[in-house]
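Based on the sequences and whatever the hints tell you, model everything.
Number of protein chains: 2
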Amino acid sequence: MTYQSGQQLNQQIDSILELLNKQEIVQTIFHRQQHTAEKNLLEAMLHKQQAAELEEQVNKLHNADIAHLLEIIPINKRFQLWQVIAADRVTEVFLDANENIQETLLSNLPEGEILKIIQFMDADDLAFITDIIPKHLMEQRLLELSQDDQLWLNHAQSYKEDSVGSLMSNDMFIVKQFEMVKDVSKRIREIKKLPDQSDKLFVVDSRGVLTGVISLEKLLLNNPKKIIKEIMSTNVVHFSANDSASHAAKAFERYDLISAPVINERGKILGRINVEVMMDYLREENTEDVLNMVGLNAEDDLFAPVISTVRSRGLWLGINLFAVFLVSRVIGLFEQTLSEMIYLAVLMPIVAAVGGNIGNQTASLVIRGLTLGQINLQNSIHLAKKEFFVNAINGLILGVVVALFSFVFYQNTALSLVIGIAMLLNLVMAAFIGLSVPLALKYLNYDPAMGSSIITTAAADSMGFLIFLGLASVFLI
Amino acid sequence: MTYQSGQQLNQQIDSILELLNKQEIVQTIFHRQQHTAEKNLLEAMLHKQQAAELEEQVNKLHNADIAHLLEIIPINKRFQLWQVIAADRVTEVFLDANENIQETLLSNLPEGEILKIIQFMDADDLAFITDIIPKHLMEQRLLELSQDDQLWLNHAQSYKEDSVGSLMSNDMFIVKQFEMVKDVSKRIREIKKLPDQSDKLFVVDSRGVLTGVISLEKLLLNNPKKIIKEIMSTNVVHFSANDSASHAAKAFERYDLISAPVINERGKILGRINVEVMMDYLREENTEDVLNMVGLNAEDDLFAPVISTVRSRGLWLGINLFAVFLVSRVIGLFEQTLSEMIYLAVLMPIVAAVGGNIGNQTASLVIRGLTLGQINLQNSIHLAKKEFFVNAINGLILGVVVALFSFVFYQNTALSLVIGIAMLLNLVMAAFIGLSVPLALKYLNYDPAMGSSIITTAAADSMGFLIFLGLASVFLI
Numbered sequence: 001m002t003y004q005s006g007q008q009l010n011q012q013i014d015s016i017l018e019l020l021n022k023q024e025i026v027q028t029i030f031h032r033q034q035h036t037a038e039k040n041l042l043e044a045m046l047h048k049q050q051a052a053e054l055e056e057q058v059n060k061l062h063n064a065d066i067a068h069l070l071e072i073i074p075i076n077k078r079f080q081l082w083q084v085i086a087a088d089r090v091t092e093v094f095l096d097a098n099e100n101i102q103e104t105l106l107s108n109l110p111e112g113e114i115l116k117i118i119q120f121m122d123a124d125d126l127a128f129i130t131d132i133i134p135k136h137l138m139e140q141r142l143l144e145l146s147q148d149d150q151l152w153l154n155h156a157q158s159y160k161e162d163s164v165g166s167l168m169s170n171d172m173f174i175v176k177q178f179e180m181v182k183d184v185s186k187r188i189r190e191i192k193k194l195p196d197q198s199d200k201l202f203v204v205d206s207r208g209v210l211t212g213v214i215s216l217e218k219l220l221l222n223n224p225k226k227i228i229k230e231i232m233s234t235n236v237v238h239f240s241a242n243d244s245a246s247h248a249a250k251a252f253e254r255y256d257l258i259s260a261p262v263i264n265e266r267g268k269i270l271g272r273i274n275v276e277v278m279m280d281y282l283r284e285e286n287t288e289d290v291l292n293m294v295g296l297n298a299e300d301d302l303f304a305p306v307i308s309t310v311r312s313r314g315l316w317l318g319i320n321l322f323a324v325f326l327v328s329r330v331i332g333l334f335e336q337t338l339s340e341m342i343y344l345a346v347l348m349p350i351v352a353a354v355g356g357n358i359g360n361q362t363a364s365l366v367i368r369g370l371t372l373g374q375i376n377l378q379n380s381i382h383l384a385k386k387e388f389f390v391n392a393i394n395g396l397i398l399g400v401v402v403a404l405f406s407f408v409f410y411q412n413t414a415l416s417l418v419i420g421i422a423m424l425l426n427l428v429m430a431a432f433i434g435l436s437v438p439l440a441l442k443y444l445n446y447d448p449a450m451g452s453s454i455i456t457t458a459a460a461d462s463m464g465f466l467i468f469l470g471l472a473s474v475f476l477i
Numbered sequence: 001m002t003y004q005s006g007q008q009l010n011q012q013i014d015s016i017l018e019l020l021n022k023q024e025i026v027q028t029i030f031h032r033q034q035h036t037a038e039k040n041l042l043e044a045m046l047h048k049q050q051a052a053e054l055e056e057q058v059n060k061l062h063n064a065d066i067a068h069l070l071e072i073i074p075i076n077k078r079f080q081l082w083q084v085i086a087a088d089r090v091t092e093v094f095l096d097a098n099e100n101i102q103e104t105l106l107s108n109l110p111e112g113e114i115l116k117i118i119q120f121m122d123a124d125d126l127a128f129i130t131d132i133i134p135k136h137l138m139e140q141r142l143l144e145l146s147q148d149d150q151l152w153l154n155h156a157q158s159y160k161e162d163s164v165g166s167l168m169s170n171d172m173f174i175v176k177q178f179e180m181v182k183d184v185s186k187r188i189r190e191i192k193k194l195p196d197q198s199d200k201l202f203v204v205d206s207r208g209v210l211t212g213v214i215s216l217e218k219l220l221l222n223n224p225k226k227i228i229k230e231i232m233s234t235n236v237v238h239f240s241a242n243d244s245a246s247h248a249a250k251a252f253e254r255y256d257l258i259s260a261p262v263i264n265e266r267g268k269i270l271g272r273i274n275v276e277v278m279m280d281y282l283r284e285e286n287t288e289d290v291l292n293m294v295g296l297n298a299e300d301d302l303f304a305p306v307i308s309t310v311r312s313r314g315l316w317l318g319i320n321l322f323a324v325f326l327v328s329r330v331i332g333l334f335e336q337t338l339s340e341m342i343y344l345a346v347l348m349p350i351v352a353a354v355g356g357n358i359g360n361q362t363a364s365l366v367i368r369g370l371t372l373g374q375i376n377l378q379n380s381i382h383l384a385k386k387e388f389f390v391n392a393i394n395g396l397i398l399g400v401v402v403a404l405f406s407f408v409f410y411q412n413t414a415l416s417l418v419i420g421i422a423m424l425l426n427l428v429m430a431a432f433i434g435l436s437v438p439l440a441l442k443y444l445n446y447d448p449a450m451g452s453s454i455i456t457t458a459a460a461d462s463m464g465f466l467i468f469l470g471l472a473s474v475f476l477i
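Sequence order for the protein chains is A and B.
The opening position of the first sequence corresponds to residue 1 in the numbering used here, with each subsequent residue numbered one higher.
The opening position of the second sequence corresponds to residue 1 in the numbering used here, with each subsequent residue numbered one higher.
Hints listed in this document are in silico derivations from the structure and should not be mistaken for laboratory results.
Honestly, I wouldn't trust all of these hints.
Stated by the list, open to error - Footprint (simulated), chain A over chain B, 3 or more residues, beta carbon under 8 Å:
no., region
1, 280–286
2, 364–374
3, 391–404
Just so it is clear, the structure is predicted and the values come from calculations on it, not from any experiment.
No residue lacks a Cβ here, since even glycine has one placed at the ideal position from N, Cα and C.
Okay, structure coming up:
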């Protein structure tokens, strides 16, 4: 299980995908013909041979790579793949897979298989999946845990999603401040293994209150007879269990943390969070924006079945349609004007579409700024001023170009003036809309990206039609 | 410099922002009135008092927090803030700031100040900023480096942007495989400090070829007389200097790495990359998509001056305008039809706008899938099929709703049929466009997000108008 370079890994994955496809093809061919005992046997043999090859290929991969493979194949093939994973690896592969895969597996595998997955999980890992595991299986597993682990598990579940508490682990190594370096080293040797991603150990006083941290490096660097308190660092980044995970992730990034203690209001250590969990969180948070903007649910599986996808997209499609109906009614207000000057209908999408794009540019900037924590109340006013000037200048330039374009086709100076001015006004207006929509969503405690593209586009389109057709009906008739 | 909770930090930042504002207000008031010696003195005193307060507040913050503060304030205030940062912290704050801030500072600070920033930088950090630092200052600094460091610096610069080589550091601790644990411990104690984020040390044979890694944990766990080779791990995730940073970041995420060796084709160690650099890279890569889609440059500073912003947005605005002109010409083809049935002009944006949104949904899905490495050639065909069915079903539903909407306003059965069918066809077409645009960009070796929203919207809009007006001119006349 040594590491493969990226290219080798891709080749391996491709060959596995091919094997999976072959199996399907064999199945299809045989299903098309009439079944005889002989054919059945032949099919079984072919299958067996390929399953063996598949099994060999798959189990050469790192656990995390198998989990990734599960994510990039359609649902029906996921079970095919799952069956060939070595029994002693199913737990790790399951934990490495994303939530969609975990849910699909749990809701489709027979109980025996699920038990195999959870039978060796510790309290920590169980805490992450309690929501999605069948209740009676979970209860069965809980009985096997120690009293402490059961308590911890109950506690961990009480924190809300996206809080530090929901992401922390109870797997940590605690040091007393008056221990000597050699005592700590001895204790570490006894337990044989430190928690994953341990760069430092947490130091407490006699009441169990966090007083500092000691890095493994310091343990190696110092004389075995040194007292921990003398060499520990008291400059500790720590979190409360109710802190938002997003805040913690920013702190991990900013202060380059590998692990950090989670404490209660009296300073006692509740648990530990590490960079692995934070990196996963960051990745999710960041890639969500792209989907949320256009009204998609970030938790949706790329390979979810058609019907569940149709359903999950329904709400925002409905909102989209409603918004577009409003846009259409705005145009409807000017039916008379349009019928007198049909070229307005040809030109009006120019004003609306560029406005929609400008609105989305500004909205994207604001959403990214909010995600990175670069926008607050004070500087959003500055930002508004800046966007106003940028789009006023761009509006002037584009206004002139559009006026020329329309003059080329219609040789009507008044029309050119009207569309040029409409362009300028609409760009400034669109920037204002793009700035307001995510800030308003944020203010109302929604995700600022949520549907912002749909709302911004519809609003900027309506304004574009209103400004252009409005000016036209006043000045061109 | 102990860590502050998130709320405390925000309060501190707010009070600093207020101080910065006050200074500006004092300046403005005094500048408005006529200058007399007395007033000048008064102004200077007020300034001094506030500068002292500002200095105190700012230097209470963590280096990384000061760097963040620089990012969220307008350019003119950045210099004001820079002046009060303690002299012994400027290098660290500078290194913690993002590239925009670094460039602004380097191109505006007097040479003396720049020298203060770089005088204590090591070869590693210098490598990151060689591109943006004035050449003669860099050469001056280079002369002070050791021969080895100079060589390394030259080497590091030879790797292209976004390669592992460009992100690696030469700060590492190498262990010979036949050393004993106690030898290594002794050597560590001699150098007093390990490189940042050292979870493991790299092990080489007598020719300097990487043969394994030994974690600090193992050093602590094992008997001092053990030979490294016996306890090291040979399952090493390593990279080549020419690997893409994006590939390495995915591996860091997938295999939960803290640090990893970079080797050449013969297995010799060239450098080291760590999770800190990878997290920064991931963050940038992820937040870029949101901006790239709408034709913005992800490297743009939120607070860049108006003119440079106007210029940097110019290209894609031009492309946008050109695309919209094409859309308008598509409508122009049907001027005759429109003049006969003016209600088509009122209804046509419905078909186009919903299509544009659907196209962007699919494009967003594909872009995210590509970023996460979940989409390849094989499964993109599966994905295409799925999106076809999802949008065909949604198209049917929306088609019926739009048909009813148009019937309410125009009581024209044929018109309702035409718009319903146009809706269905355009949704399927838009999904196909949204799928093709990012995949085509990727195939052409561009960033798949680059301008994809602009291209997709324009293409889906044109198709929408073409399909609806086309059907109308055939069946309604």
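Coverage of the region 280–286 of chain B by chain A, judged on three or more residues with CB within 8 Å: holds (count 4)
Three-residue Cβ test at 8 Å for the coverage of the region 391–404 of chain B by chain A: holds (count 5)
Within 8 Å of chain A (C-beta), three or more residues of the region 364–374 of chain B: holds (count 9)
The earlier numbered hints are all upheld by this structure, with none contradicted.
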